[in-house]
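Q: Once you have looked at the hints, place chain B on chain W.
There are 2 protein chains.
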Amino acid sequence: MKNVGVLGAGQLGRMLALAGFPLGFRFCFLDPTANSPASEFAPQIVAPFEPGPGLDELVSRSDVLTFEFENVPVSMVEPLVGKIPVYPPPKALSPSQDRLLEKQLFRKLGMETVAFRAVDSMESCLQAVQELGLPLVLKTRRLGYDGKGQKRAHSLEEAKAAFLSLASSPLIAEAFLPFDRELSLVAVRGQKGDCEFYPLVENHHNQGILHLTLAPAPNLDPRLDLLAREQVEALMRDLDYVGVLAVEFFEKDGKLIASEMAPRVHNSGHWSIEGAQTSQFENHIRAITGLPLGSTCMAGPCAMVNLIGSLPAIPKILEISGASFHDYSKEGKPGRKIGHVTLRGPDWRAVKAALKQCHGLLPEGVRQLPFLA
Amino acid sequence: MKNVGVLGAGQLGRMLALAGFPLGFRFCFLDPTANSPASEFAPQIVAPFEPGPGLDELVSRSDVLTFEFENVPVSMVEPLVGKIPVYPPPKALSPSQDRLLEKQLFRKLGMETVAFRAVDSMESCLQAVQELGLPLVLKTRRLGYDGKGQKRAHSLEEAKAAFLSLASSPLIAEAFLPFDRELSLVAVRGQKGDCEFYPLVENHHNQGILHLTLAPAPNLDPRLDLLAREQVEALMRDLDYVGVLAVEFFEKDGKLIASEMAPRVHNSGHWSIEGAQTSQFENHIRAITGLPLGSTCMAGPCAMVNLIGSLPAIPKILEISGASFHDYSKEGKPGRKIGHVTLRGPDWRAVKAALKQCHGLLPEGVRQLPFLA
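Going down the list, the protein sequences come from chains W and B.
Take the first sequence: its position 243, counting from 1, is numbered 260 in this note's numbering, and each next residue is one higher.
Take the second sequence: its position 211, counting from 1, is numbered 228 in this note's numbering, and each next residue is one higher.
Here chain W stands alone, though its shape is the one from the complex:
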């Protein structure tokens, strides 16, 4: 068990490799985009995400296969089961790729969700408006990320327009939830069913893109952390899960409402590279290769700031006390995550001071977080 094959070679794959090298693992990536971030220090097979010679080569070079994003076609990985260990198990992909199956699974396991309806016609759309009320959110069931593929409707007219603009795909309608804040839990499960959990963290999005994570979530009712762990452990058990899994929640009036899951390392867990005893990346590698999981203990609070579109002046960032910088080696482009900064401190006061300093250095447009106003 030396060679890890990874579907996808973006920044998550890059950080997986950086966590796996010290443990003696070698990596090979498959990604349709040449010169992806992980290819800087590991071989990349440039091939589409489908069965074929590229995938065959990856399998032949690997002892275990994993993926760094959840939209790997199930038809690509399911036929591999039995030929090579694939973790997380492909059956975790289906509910992650379809918001309807995902919410149905959450409900089956007793996790609270917003009210939702499948929408596949104008008629079912109008019925959803009647049953869920307004405003509501229409989303494509598949392939939405970073706020793409969804529209909010405040009136019947807007609901109709949203349906027409999205209706080329099967949809889901969700009751609009004016939540108090967004949280997420990153967990990892080993091959023997052993689990470790990072603390619930607080996430701040801007136009659907994660901008800021505070770890652990400040001022959290510890019962919510416990509840989230129980729910995510049950979810992982149900899926025979192996590896890192992230679940996003809303907090509303002291309640936890499950929003979505990602069967992979997650942007809201990047702080763990410096902030936890074992990072989410190392724990994912440990899990899929059958090694014991590492402790998720934190030494102090952290903030993780995504660098989106273009990089700020890095020397200035590194002057901030407790700052670490991660460059994904990607070209800058509006809305694209090209790096992140982790800020650590002995307490929240120190971390928030560092955060203000950091945000002052970010390009206009990303810096106006209501959180820091």
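Fair warning: there could be bad hints in the mix.
Identical copies go unnamed one by one, so any copy, or any two together, can satisfy a pair.
For lysine-lysine, the following DSS-like pairs were computed, each having C-alpha atoms within a straight-line distance of at most 30 Å [stated by the list, open to error]:
no., residue 1, residue 2
1, K373, K108
2, K369, K177
3, K333, K165
4, K19, K347
5, K269, K369
6, K373, K19
7, K354, K333
8, K209, K333
9, K333, K100
10, K350, K177
11, K168, K108
12, K108, K19
What the hints contain is simulated information worked out from the structure, not anything from laboratory work.
A: Frame of chain W; chain B shown alone:
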């Protein structure tokens, strides 16, 4: 400033690259031994350590040059000054490569050393015995490491025999010091003369090879830590130093006696990867590329155990609470460092318990440290 060229591609180079990748740097190595540890994820030019086409290629591919071991020939790097930034400055190499110049430099700067004499003839050897007393230690002035190239003499006869066996090289005789313990200080200096210091650590050698580092050195008089910092800061200033420098000391009756220096990242600083806010490797990269230095703060005590000769059962090692493993991707061979384990805990009690567990898993022969008896 994107491309870092490194002379030497061993485990130190490997860990430099792993620390530099997240900051967006790319690496190229030069080493005469093909398939060196760093070559697993960065290009390696296989060439001797001398001026020639290999070095020319490295220079052409690099924006800054550094080295991962102190025995790079001065004649190789000195001609590069003015063509490409070389850090640490080549003039730091001479005293590091010659035990006589090194001790003379220490003395010049007011650092205490054992009494020593240059030995270049049987006559000067016998005179050293007379002046320094017995036992004494004869060492080659150059190219000694891991206990090689030195002999202890308890009698005039042994001194003569030691001289004859080593006399193909210029020698130094040192008064034997029955020290209380071995300490070392790892420091880093930036391009503007700013310095950061890791705490003094306690080192345990076995047959001349470092086996164990405890960080920070337990039960240390804080005045010694302060004194070591002052001395090393003066030393770095004297050398116009840029990068990480390590100085080994003996502690004897509450005094600090300087033993030797290494103008590079150092084995006794490996704990800093997990144990300090910024590792020695990242700080070396930050220094030589002109970035601000990072904090050297620790969250709790650490022990670093070298894995020598052959690897223990890694899954068992990773079951130890607070254990991290580093594989250098080197073939096992008696006396060869092929990996290390860092053990972290909230206090020394926890770290020592982990250490006992770890040592119980090491192959016979490396495990009998008097420290754990």
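Q: Now, for every hint given, state plainly whether the structure supports it.
A: A quick look at each hint next to the structure:
Proximity of K373 and K108 under a CA criterion of 30 Å is satisfied in neither setting, with 42 Å inside one chain copy and 42 Å between copies. Taking the shortest Cα distances, K369 and K177 never come within 30 Å of each other, neither inside one copy (43 Å) nor across copies (67 Å). Taking the shortest alpha-carbon separations for K333 and K165, neither the intra-copy value of 32 Å nor the inter-copy value of 45 Å comes in at or below 30 Å. Proximity of K19 to K347 under the C-alpha cut-off of 30 Å is found in both arrangements, the shortest distances being 28 Å within a copy and 14 Å between copies.
Proximity of K269 to K369 under the C-alpha cut-off of 30 Å is restricted to the intra-copy arrangement: shortest distance 24 Å within a copy versus 45 Å between copies. In the homo-oligomer, the alpha carbons of K373 and K19 lie at most 30 Å apart only across protomers (28 Å), although the nearest pairing inside one protomer, at 43 Å, exceeds that limit. Taking the shortest Cα distances, K354 and K333 sit within 30 Å of each other inside one copy (19 Å), while across copies they are farther apart (38 Å). For the homomeric pair K209 and K333, the shortest alpha-carbon distance between copies (15 Å) is at most 30 Å, but the shortest distance inside one copy (45 Å) is not.
In this homomeric assembly, K333 and K100 come within 30 Å of each other (Cα to Cα) only across copies, at 28 Å, whereas the closest approach inside a single copy is 50 Å. For a Cα distance limit of 30 Å, the shortest separation of K350 from K177 qualifies neither inside one copy, at 32 Å, nor across copies, at 72 Å. Taking the closest pair of Cα atoms, K168 and K108 come within 30 Å of each other only inside a single copy of the chain (29 Å); across copies the shortest separation is 65 Å, beyond that limit. Taking CA atoms no more than 30 Å apart as the test, K108 paired with K19 passes inside one copy only; the shortest distance there is 25 Å, against 42 Å between copies.
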